[in-house]
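Trainee: The lines below spell out each chain.
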Amino acid sequence: MAPDVSLVLRFVCYRLDADSAAIVTVATQFFSTLIPEGMMGALESASDAILAARSADGDTLAFAILVRRHAPYLRAFAIRLTGSSADADDAVQEALISAWGALPTLEDFSKVRAWLLSILSRKATDRIRQRKPSAELDEERAEDVELGPEQRAIATSRLDALSAVLERLPEGQKQCWVLKEVGGYSYEEIATELGMTPQTVRGKLARARATVVREMEEWR
Amino acid sequence: MNSDGDTDGDTDSDIGGSGYSLEQLADYLYRGRTPPIPEIDENAECQAMLDSLERLGTLSSELVSKDALDAPGVDETWLATLLATIGREVRAGRDIPYAATNPNTRLTITEGAIRELVRAAGDSVDGVLVGTCSIEGDLDGGGDAGEGDVAESTITVSLTISVVLSAPVTTLAQAVRERVHSELLKHTELHVSAINVTVVDVHMLTTAIEDES
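Chains A and B are the protein sequences, given in the same order. Using the working numbering, the letters of the first sequence map in sequence onto residues 1 to 220. Using the working numbering, the letters of the second sequence map in sequence onto residues 1 to 213.
Just so you know, these hints were derived from the structure itself, not from any lab. Predicted, not measured: the structure shown is a model, and the values here were computed from it. Note that beta-carbon positions come from the ideal geometry of N, C-alpha and C, so glycine has one too. One or more hints might be untrue.
To be verified - Residues from chain A that face chain B, not an exhaustive set, calculated with beta carbons under 10 Å:
1) M39
2) S47
3) A49
4) A52
5) G58
6) P72
7) F77
8) A86
9) D89
10) L96
11) F109
12) V178
13) A210
14) M216
15) E217
Said to hold, decoys possible - Derived coverage of chain B by chain A (criterion: at least 3 residues anywhere in the stretch with Cβ under 8 Å from a Cβ of chain A; other residues may be distant):
16) 19-32
17) 63-76
18) 79-87
19) 115-129
20) 192-205
Model the full assembly from the supplied sequences, consistent with the hints where possible.
Mentor: Encoded structure:
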């Protein structure tokens, strides 16, 4: 196990010039070098709650495993939401960095994935708002989307078909749909995130829903 | 036609003659179909539409999960950079002094280091993973303890653990308490009055238990 820290410290002090005031502190990272090899494997089987709790206490190894476990989903969500893998990557990175800082405030560690998703949603919608100062642009575009027969033929599965329909939705509608159906947010929450009124969100979702239902009819 | 809040199209405003629009059906679904609305619950077309909406919601989530599965694994370079960034923000916590023999020297260990010590001690018990670890009590004996005078303060250590059900839980918890206590005695001058262990989780081992001596 670990060497006796207080003995090590005393030795360090002995070697220092005894007349000069010295402050010697054992920092947090001291012990991380002593983590046995098998620890990694055991940690990989730990629940989200345990990993989040350890991360909150400053265990970067646990955080690394948490990130490796959830980053692909977070990134996929951000790509669907922003429609841009560059924006998605930036948003995921920012979200994870601020999550690390905020982890000690997380009350229920077992809900860490949903919590990460909510931080990511904010970071991703920040980017959306930055790149398009006015959501009004959306209104000028055709609000009704209809796929041609050739586009329908390409889809070989329900998931492909839905993917194609979502990609063709006006951006604002798609964002509302993803936040609502995948993120599970309320109209009010989505409105805050996207800087719209709840009524606008309601309207966009209604149009998105009508399109998705109509286009997906044959896949029922 | 683009006015917000209105569903457009006649077909969407009255599903199956129920008098309810597609949007109202969706709201009903989001509310968990409560309180029950007989006009919707007894209308076949409404039911089909509700099922369809529900499926599309599920399918949307599946789409993101599938994207995640199809994506290449996490980029290790990216992860290393991320960890380097967050590693700069160390959770050191309070400084805990050691009794110094030389008045010019101040020896301290950070609370974070002690938490790490406790965590490593708990983890070293086969089949145990430590979750949170908190240290309650007067760590510096009050005031500036830099003058080599550590008061007789006592602390309470509380930790949560996840266990593999390889041994009775109480045996594992007891082993954790003993291991943590002996490590704290060895490395610190803290007076430990209690070590509380709470088992919060059970995990499966994906690798063989490390033989530890």
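Trainee: If a hint holds in the structure, say so; if it does not, say that too.
Mentor: Status of each hint after checking the structure:
For M39 (chain A), the shortest C-beta to C-beta distance to chain B is roughly 6 Å, which falls under 10 Å, so the interface hint holds. The closest approach between the C-beta of S47 (chain A) and any C-beta of chain B is roughly 5 Å, which is under the 10 Å cut-off, so the hint is satisfied. Checking A49 (chain A) against chain B: minimum C-beta separation of about 6 Å stays under 10 Å; hint holds. With a cut of 10 Å, the hint placing A52 (chain A) at the interface with chain B holds, because the nearest CB-to-CB distance is about 8 Å.
At its closest, the beta carbon of G58 (chain A) sits 4 Å from a beta carbon of chain B; the interface hint therefore holds under the 10 Å criterion. Taking 10 Å as the C-beta contact cut-off toward chain B, the hint placing P72 (chain A) at the interface holds, the least distance being around 4 Å. Evaluation of the F77 (chain A) hint against chain B yields a held restraint, the C-beta minimum of about 5 Å falling below 10 Å. Below 10 Å, beta-carbon pairs count as interface contacts, and A86 (chain A) has none with chain B, the closest being about 13 Å; its hint is therefore violated.
With 10 Å as the threshold, the beta carbon of D89 (chain A) comes within range of chain B, its nearest partner Cβ sitting at about 8 Å, so the hint holds. With a least beta-carbon distance of about 6 Å to chain B, the hint placing L96 (chain A) at the interface is held under the 10 Å criterion. Residue-level restraint check for F109 (chain A) holds (minimum Cβ-Cβ distance to chain B is 7 Å; threshold 10 Å). Given the 10 Å rule on beta carbons, the hint for V178 (chain A) holds: about 7 Å separates it from the nearest Cβ of chain B.
Annotation: interface hint on A210 (chain A) holds; nearest CB of chain B at approximately 5 Å, less than 10 Å. Of the supplied interface hints, the one on M216 (chain A) holds, with its beta-carbon coming within about 6 Å of a beta-carbon of chain B, less than 10 Å. The interface hint given for E217 (chain A) holds, since its Cβ lies 8 Å from the closest Cβ of chain B, which is under the 10 Å cut-off. For the region 19-32 of chain B, the stated coverage by chain A holds: 3 residues have a C-beta nearer than 8 Å to a C-beta of that chain, and at least 3 were required.
Counting residues of the region 63-76 of chain B whose CB falls under 8 Å from any CB of chain A gives 10; the rule of at least 3 is met. For the region 79-87 of chain B, the stated coverage by chain A holds: 6 residues have a C-beta nearer than 8 Å to a C-beta of that chain, and at least 3 were required. Residue count for the region 115-129 of chain B with a Cβ under 8 Å from a Cβ of chain A: 9. That meets the three needed, and the coverage hint holds. Proximity of the region 192-205 of chain B to chain A, defined as three or more residues with a beta carbon under 8 Å from a beta carbon of that chain, is established by the 5 residues found.
Against the hints set out earlier in the document, a violation occurs for number 8 only.
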